[in-house]
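If you read the sequences in order, they're chains X and H. Each residue of the first sequence is one higher than the last, beginning at 0 in numbering that gives the first Met the number 0. Each residue of the second sequence is one higher than the last, beginning at 0 in numbering that gives the first Met the number 0.
Read the hints as simulated data drawn from the structure, not as lab findings. Keep in mind the model is a prediction, meaning the values are calculated, not measured. You may find that some hints are simply not true.
The list makes no distinction among identical chains, and a pair is therefore deemed to hold if it is satisfied within one copy or across any two copies.
To be verified - Capping the alpha-carbon separation at 16 Å, the derived lysine to aspartate or glutamate pairs in EDC-like fashion look like this:
#, residue 1, residue 2
1, Lys148, Glu119
2, Lys344, Asp14
3, Lys214, Glu92
4, Lys44, Asp307
5, Lys2, Asp176
6, Lys212, Asp76
7, Lys2, Glu290
8, Lys22, Asp346
9, Lys2, Glu31
10, Lys344, Asp176
11, Lys110, Glu303
12, Lys276, Glu376
13, Lys113, Asp151
14, Lys309, Glu257
15, Lys375, Glu303
Protein chains: 2
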Amino acid sequence: MRKLLMLPGPTNVPDRVLEAMRKPMINHRGPEFHKLHENIVENLKYVFQTKNDVYALTCSGTGGVECAIFNVIDPGDKVIMPIGGVFSERMAEEVKSVGGSVVEIPIAWGKAVKVEQVEEALNKNEDAKAVALVYNETSTGVTTRDLRKIGDLTYRRGVLLIVDAISILGGDELKVDDWHIDICVSGSQKCLACPPGLALISVSERAWKVMEKRKTRQSFYFDLLACKRFYEERKETPFTPAVSLYYALDEALRMLREEGLEKRIERHRACASALYKAFEALGLSLLADPEARSNTVIAINYPEGVDDAKFRGILRDEYGIHIAGGMGKLRGKIFRIGSMGTVTKDDVLVTVESIALTLNKLGLKASVEDAVRAAKEAFM
Amino acid sequence: MRKLLMLPGPTNVPDRVLEAMRKPMINHRGPEFHKLHENIVENLKYVFQTKNDVYALTCSGTGGVECAIFNVIDPGDKVIMPIGGVFSERMAEEVKSVGGSVVEIPIAWGKAVKVEQVEEALNKNEDAKAVALVYNETSTGVTTRDLRKIGDLTYRRGVLLIVDAISILGGDELKVDDWHIDICVSGSQKCLACPPGLALISVSERAWKVMEKRKTRQSFYFDLLACKRFYEERKETPFTPAVSLYYALDEALRMLREEGLEKRIERHRACASALYKAFEALGLSLLADPEARSNTVIAINYPEGVDDAKFRGILRDEYGIHIAGGMGKLRGKIFRIGSMGTVTKDDVLVTVESIALTLNKLGLKASVEDAVRAAKEAFM
Numbered sequence: 000m001r002k003l004l005m006l007p008g009p010t011n012v013p014d015r016v017l018e019a020m021r022k023p024m025i026n027h028r029g030p031e032f033h034k035l036h037e038n039i040v041e042n043l044k045y046v047f048q049t050k051n052d053v054y055a056l057t058c059s060g061t062g063g064v065e066c067a068i069f070n071v072i073d074p075g076d077k078v079i080m081p082i083g084g085v086f087s088e089r090m091a092e093e094v095k096s097v098g099g100s101v102v103e104i105p106i107a108w109g110k111a112v113k114v115e116q117v118e119e120a121l122n123k124n125e126d127a128k129a130v131a132l133v134y135n136e137t138s139t140g141v142t143t144r145d146l147r148k149i150g151d152l153t154y155r156r157g158v159l160l161i162v163d164a165i166s167i168l169g170g171d172e173l174k175v176d177d178w179h180i181d182i183c184v185s186g187s188q189k190c191l192a193c194p195p196g197l198a199l200i201s202v203s204e205r206a207w208k209v210m211e212k213r214k215t216r217q218s219f220y221f222d223l224l225a226c227k228r229f230y231e232e233r234k235e236t237p238f239t240p241a242v243s244l245y246y247a248l249d250e251a252l253r254m255l256r257e258e259g260l261e262k263r264i265e266r267h268r269a270c271a272s273a274l275y276k277a278f279e280a281l282g283l284s285l286l287a288d289p290e291a292r293s294n295t296v297i298a299i300n301y302p303e304g305v306d307d308a309k310f311r312g313i314l315r316d317e318y319g320i321h322i323a324g325g326m327g328k329l330r331g332k333i334f335r336i337g338s339m340g341t342v343t344k345d346d347v348l349v350t351v352e353s354i355a356l357t358l359n360k361l362g363l364k365a366s367v368e369d370a371v372r373a374a375k376e377a378f379m
Numbered sequence: 000m001r002k003l004l005m006l007p008g009p010t011n012v013p014d015r016v017l018e019a020m021r022k023p024m025i026n027h028r029g030p031e032f033h034k035l036h037e038n039i040v041e042n043l044k045y046v047f048q049t050k051n052d053v054y055a056l057t058c059s060g061t062g063g064v065e066c067a068i069f070n071v072i073d074p075g076d077k078v079i080m081p082i083g084g085v086f087s088e089r090m091a092e093e094v095k096s097v098g099g100s101v102v103e104i105p106i107a108w109g110k111a112v113k114v115e116q117v118e119e120a121l122n123k124n125e126d127a128k129a130v131a132l133v134y135n136e137t138s139t140g141v142t143t144r145d146l147r148k149i150g151d152l153t154y155r156r157g158v159l160l161i162v163d164a165i166s167i168l169g170g171d172e173l174k175v176d177d178w179h180i181d182i183c184v185s186g187s188q189k190c191l192a193c194p195p196g197l198a199l200i201s202v203s204e205r206a207w208k209v210m211e212k213r214k215t216r217q218s219f220y221f222d223l224l225a226c227k228r229f230y231e232e233r234k235e236t237p238f239t240p241a242v243s244l245y246y247a248l249d250e251a252l253r254m255l256r257e258e259g260l261e262k263r264i265e266r267h268r269a270c271a272s273a274l275y276k277a278f279e280a281l282g283l284s285l286l287a288d289p290e291a292r293s294n295t296v297i298a299i300n301y302p303e304g305v306d307d308a309k310f311r312g313i314l315r316d317e318y319g320i321h322i323a324g325g326m327g328k329l330r331g332k333i334f335r336i337g338s339m340g341t342v343t344k345d346d347v348l349v350t351v352e353s354i355a356l357t358l359n360k361l362g363l364k365a366s367v368e369d370a371v372r373a374a375k376e377a378f379m
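Pulled out of the complex, with its shape left as it was, chain X reads as follows (with noise of 0.2 Å):
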């Protein structure tokens, strides 16, 4: 049976790019990485679409998350936060862990903060150092499409704009320079279609007057001064990263490149409109507010009497196709679909035709004519 993973990452990775990896190993302190490294780098540039500085780094998004954090966080430092979701609270974990002020903006899981809501937080702490937020929630499938004013608002202020893009980037809108986002991070194993593994990190120059003022080290393996002396220095990176991960990202980027940024993006917002369309002909409520509704992850409010573990265990066995559950406080009450990487119109098509089918198993009315031919209208 065909495996289609239809995750919020790991995502289905392409044969060129399994195959990247399959080449000897090489000495990550001599010529031919250096070279490998430079490409990488100038390809996350395009991606990111950005000047800034921008590192690959051996560790889950996550790890780039507490990176990001660990460099220009310090304790007592005021960090302002929208929360919504398990990966907002996730980073203000990371933020607390090194002795960080959280303001936290509460905002309803399924909903997008407002610039509005950053502004009063802003106001009412003018000392805060940065606004640290998740771009695309993972967990609820919710974009903060007001993240373009909130950079605006944050550039003009003077206060360092830190954005977890994992699930993100590659997949929908996001201009590093052009929004002043300070920090961006990214992994490897969602829109870019490249097995995890890698975090890819972005800095601004704002971001790096932080850091050269700071008199303390919260981290030795994730200090973003040292990958910027080694990368300058000899295109290296401090400690021995995952080559293997390195050339199958090389490989993603570049299929990236032939196909195009706004191409991808394009295909990204084609395959999730697909899909929330085949789920409102299934009658499903979705979880996200409509105009924050997320191109790479879609998340969809069980219907009453659906076991999660059975609705996903049949997809998985009877049909080859890989959801997530819930996470945290939503787990068992929402599946999640990520459209993510290489995912195309016919991937679309099968999995809202296999759901259809799961839920007639589990006795629930669902038309799978209705629902494939709205994804199928939607793609006209």
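Chain X is already provided as a structure; the job is to place chain H on it using the hints.
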């Protein structure tokens, strides 16, 4: 030209291991991953010779050492540390980063700490929480042969023993349980012949007790209690692991089991021994004390007038053999050979021959025949 990595990591990776990474991506929260993860953990316990809990972390070896420190060292804790190379210096930096107080036992680079020195330091510092040391100092080619005795000592004294065994696990004797090592850290890309990107870490009951009593958490990403909880409850990792590298590690560990740990260690010993004999025949001086010489990393002093970049450049570009230079204050003064992972008699002989030929090219008298004969005799 065939490329032969004789680096102290990463090493040549066998085809079987490279091939394993081509497998399709899977859900890291699904049954296939659970089985893969269990296999890895069981085989790691065999290699570490332990019944303790063992984890594969997505990070480099340095990240693994920092994880150990983050989890058991609190601000103000006294840690006794023999320091005699780049990696013990690095470990001390990590202890200081979290506010730990380092009681240094200074060791000349090329020598190993003796149990008596550790005992003396423990007598003078009865409030020490831990002894932390590098079992095999990759920057000097020195192995701490007293590790077993040090482990007996710290166990009796109720002091934690933290060991960086990155460049030695699988290549020399290392008995985590018999030697009472509380936290032992290794890396995927050394004697296990797997690509880099995973740190391996074992945790004793005593270490868990220390962690369970702590009130603070130094890192969210490097949280061993979370690793324990996720593994025990669902055979998962707290954050997305580098699945492709898990495939590789799984295969690398299967190969190690097929060979057998004893035989693999014996192979490393035989290869190192032949290299030492050959360099002595060439009249080169070795950095490490005879009784502390490593079976995995061989450090050789450059003869007067040999330029590091030229020497290693010829070896690499004309013979396809990649070796390492010196680190820290030994940069330019020594070269280092990693004799690890898949290393064979043929690898050793071609390395010895090529080094002798390179020395000749650089105007030094070196008998290729004598060197190769000495190495061959050592294998007999």
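Each hint, compared with the structure:
1. Lys148 / Glu119: Within one copy only: 14 Å inside, 62 Å across.
2. Lys344 / Asp14: Result: close neither inside a copy nor across copies, 19 Å intra and 36 Å inter.
3. Lys214 / Glu92: between (23 Å within a copy, 14 Å between copies)
4. Lys44 / Asp307: Neither, since 40 Å and 35 Å both go past 16 Å.
5. Lys2 / Asp176: neither (38 Å within a copy, 41 Å between copies)
6. Lys212 / Asp76: Classified as within: same-chain Cα gap 14 Å, cross-chain 27 Å, threshold 16 Å.
7. Lys2 / Glu290: Neither: 32 Å inside a chain and 55 Å across chains, both beyond 16 Å.
8. Lys22 / Asp346: neither (29 Å within a copy, 20 Å between copies)
9. Lys2 / Glu31: between (35 Å within a copy, 12 Å between copies)
10. Lys344 / Asp176: neither (32 Å within a copy, 54 Å between copies)
11. Lys110 / Glu303: For Lys110 and Glu303, the Cα distance exceeds 16 Å both inside one copy (22 Å) and across copies (70 Å).
12. Lys276 / Glu376: The answer is within: 9 Å in one copy meets 16 Å, while 75 Å across copies does not.
13. Lys113 / Asp151: So Lys113 and Asp151 pass the 16 Å test inside one copy only (13 Å; across, 60 Å).
14. Lys309 / Glu257: neither (40 Å within a copy, 39 Å between copies)
15. Lys375 / Glu303: So Lys375 and Glu303 fail the 16 Å test inside a copy (27 Å) and across (75 Å) alike.
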